[in-house]
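Colleague: Residue-level listing of the chains:
Number of protein chains: 2
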Amino acid sequence: MRTIEWSKNNTVVMVDQTLLPGEYRVIECTHLSQLCEAISMLRVRGAPALGAAGAFGIALAAVRSSARTMDSLIRELEVAAVTIIKTRPTAINLSWGVARVMGAVKEAYDVEGMRNIAILEAQQIADEDVERNKQLGAHGAKLLHDGDTVMTHCNAGKMACVDWGTALGVIRSAVEAGKDIKVISCETRPLNQGSRITCWEMMEENIPVTLITDSMAGMCMRKGMIDSVIVGADRITQDAVFNKIGTYSHAVLAKEHKIPFYVAAPISTFDFDRYEDEIVIEERDHDEIRYFHGIQNAPLGVNVFNPAFDATPMEYVTALITEKGTYEPPFLIGELKP
Amino acid sequence: MRTIEWSKNNTVVMVDQTLLPGEYRVIECTHLSQLCEAISMLRVRGAPALGAAGAFGIALAAVRSSARTMDSLIRELEVAAVTIIKTRPTAINLSWGVARVMGAVKEAYDVEGMRNIAILEAQQIADEDVERNKQLGAHGAKLLHDGDTVMTHCNAGKMACVDWGTALGVIRSAVEAGKDIKVISCETRPLNQGSRITCWEMMEENIPVTLITDSMAGMCMRKGMIDSVIVGADRITQDAVFNKIGTYSHAVLAKEHKIPFYVAAPISTFDFDRYEDEIVIEERDHDEIRYFHGIQNAPLGVNVFNPAFDATPMEYVTALITEKGTYEPPFLIGELKP
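Residue numbers (this note's numbering), protein chains in the order written: chain A, 1 to 338; chain B, 1001 to 1338.
One should not assume that every hint holds.
Said to hold, decoys possible - Computed spacing ranges between beta-carbons, pair by pair:
1) B:Gln-1238 with A:Thr-90: 47 to 55 Å
2) A:Tyr-275 with B:His-1145: 52 to 60 Å
3) A:Leu-42 with B:Asn-1009: 32 to 40 Å
To be verified - Among the chain B residues that face chain A by a calculated CB cut under 10 Å, a handful are:
4) Glu-1128
5) Val-1130
6) Met-1202
7) Thr-1210
8) Met-1216
9) Ser-1249
10) Glu-1256
11) Phe-1272
12) Arg-1274
13) Ile-1289
14) Pro-1299
15) Phe-1305
16) Asp-1310
17) Met-1314
Think of the hints as simulated: they come from the structure by calculation, not from any bench.
Glycine is no exception: its CB is placed at the ideal position from the N, C-alpha and C atoms.
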């Protein structure tokens, strides 16, 4: 199944990612409150997946509503929209998915039509995400050679999207095209999306994967163990790629070892009108580093710096891989503007 | 107390570093098997501390032996020496401490003299380590400026030595000389000596310390948060510094950001007659990365690469700080040969 889907029972089903890799459990959200809990607890995560989650949330609210007039249903959906967006206020895709379904339902002629349109539009968003990733994967796969070992950081895979993935989608597409690809997955501190989710995804697909700590990237590159690096992106400005903390270090190391450094991201990730210095990087809870699953890992009350992302200047990027094709800096990202 | 000591009961006592920072517990080794377990489980760790541990191990074997002739005691100690060295094969100081006591006992005239000499020589090694670190610290402190923020990796502190420390000894000496120094400590995956031990040591001394994940070093350097990097060393060959995995990545990042990269290590760490390619880097248990304090952190049976150390070529090193003074490459390390 996909990471998140609309079910035949008119409910939303998803893989609970907080249980991976220990357990693969599919949970069913019959009411909006369950879906919101799943989003805020990171049971579903990743920018593209959250776009679909927001969209399915509006569909779920429409289906569960007992409203008999279009006006009263719209009012209910507006409350639902606010509720959904509040679960992860900085996730731009979440509000994007919500807004797109809200816009679509207003085209309906009656209450039942609104419900149907909400479901269809949400499913369309999910389908488009998969299609876009497959296009992106096909472009990126051309950059990988038979026998390559590819290093990745965090999880820009199927589990961050509706299906297929961005960085891992490129790897999937290369394997599908018959290339022998091995993966080195950095564990990705502090939340270990690399060890928990990327390794799990690759093992599910029988793609050979080796787990390392983030700090081993330099040694592995120097030993000739890595042919290229592929990461996803949370946001791409005119001058820099914002992605999971640690990405910039890998980019510098790749440059020093003359290894290609690729960023795989859909056009929706591009923030065409902004520059690095306009973006504020959120700092996350310090206990993410002080504790590990509740086990003390540092002295009580130690100072911590815990930025969620870092910025990699465009000059470290060998190519940006999008659904429209592959682009090598220096180029103006504005040229990709839809 | 010191990190490791010979007790009045003719046993070896040490701080169990695997319990830090949650608990400060002193353990007593009455037999060599306990000491070897403590070394292999990293209850005692760090190159200089292992020199003393190896020396105390031979003393412990001598004291516990019931041998009645010098020949039979020598044969027993030779077995003990092999047993000790096998616990951490890459740690040159371990074999250095063992060899020095082995050499000393051969000067004795009888079995009881051998036992006494073993104890005295091991204690002498421990005393010399403290004296050497204070000399090293005084030389290195001149490289730090009032107001500097210094990044370090792993723990090359008091707890890696008998006392005072090498990399952290330089920081202690600079603070003692009246300089205002702040520390950024990388957590140092997979065993978190940075978060557990370096942060604890610095907080004990009221030296301001901020904990980051290893992957944040690049971002912190780029943001101008780091004035210099100081690390210890497990072994220094003609061409490279062997130290905790992750050191090489930091060295590359420091070079990219034009930040001085210092290695603080006593002359005993130098392997004067060898080159990098002659040294085998031990790979540690894969479950160190798959699990965290017994909690599953990656899919069962995932491939892992877990080298204990990496090698940093000498061209990345701004200066080597030793008890004899500070040396800037390019220079022939053979010039330091005692």
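Colleague: All the hints need checking, so say for each whether the structure fits it.
Modeller: To see whether the hints hold, each was checked on the structure:
The hint said 47 to 55 Å for the Cβ distance between Gln-1238 (chain B) and Thr-90 (chain A), and at roughly 51 Å that hint holds. In this structure the hint that Tyr-275 (chain A) and His-1145 (chain B) lie 52 to 60 Å apart at CB is violated, the actual value being about 33 Å. At about 53 Å, the beta-carbon gap between Leu-42 (chain A) and Asn-1009 (chain B) misses the expected band of 32 to 40 Å. At its closest, the beta carbon of Glu-1128 (chain B) sits 30 Å from a beta carbon of chain A; the interface hint therefore is violated under the 10 Å criterion.
A least Cβ separation of about 24 Å between Val-1130 (chain B) and chain A goes past the 10 Å threshold, and the interface hint is therefore violated. The beta carbon of Met-1202 (chain B) is positioned within 10 Å of a beta carbon in chain A (closest approach about 9 Å), and the interface hint is therefore held. The beta carbon of Thr-1210 (chain B) is positioned within 10 Å of a beta carbon in chain A (closest approach about 4 Å), and the interface hint is therefore held. Against a cut-off of 10 Å between C-beta atoms, the interface hint on Met-1216 (chain B) holds, since the closest Cβ of chain A lies about 6 Å away.
Annotation: Ser-1249 (chain B) was flagged as interfacial toward chain A, and the flag holds, the nearest CB pair being 3 Å apart, inside 10 Å. This hint holds: Glu-1256 (chain B) has a C-beta 5 Å from the nearest C-beta of chain A, less than the 10 Å allowed. Because the closest C-beta pair between Phe-1272 (chain B) and chain A is about 24 Å apart, greater than 10 Å, the hint is violated. The restraint placing Arg-1274 (chain B) at the interface with chain A is violated, with a minimum CB-CB distance near 19 Å, outside the 10 Å limit.
The beta carbon of Ile-1289 (chain B) comes within 6 Å of a beta carbon in chain A, closer than 10 Å, and the hint placing it at the interface holds. Because the smallest distance between the Cβ of Pro-1299 (chain B) and any Cβ of chain A comes to about 4 Å, under 10 Å, the interface hint for this residue holds. This hint holds: Phe-1305 (chain B) has a C-beta 5 Å from the nearest C-beta of chain A, less than the 10 Å allowed. At about 4 Å, the closest approach between the beta carbon of Asp-1310 (chain B) and any beta carbon in chain A falls short of 10 Å, and the interface hint on this residue holds.
For Met-1314 (chain B), the interface hint is violated, the least distance from its beta-carbon to any beta-carbon of chain A being 14 Å, above 10 Å.
In summary, the numbered hints that this structure violates are 2, 3, 4, 5, 11, 12, 17.
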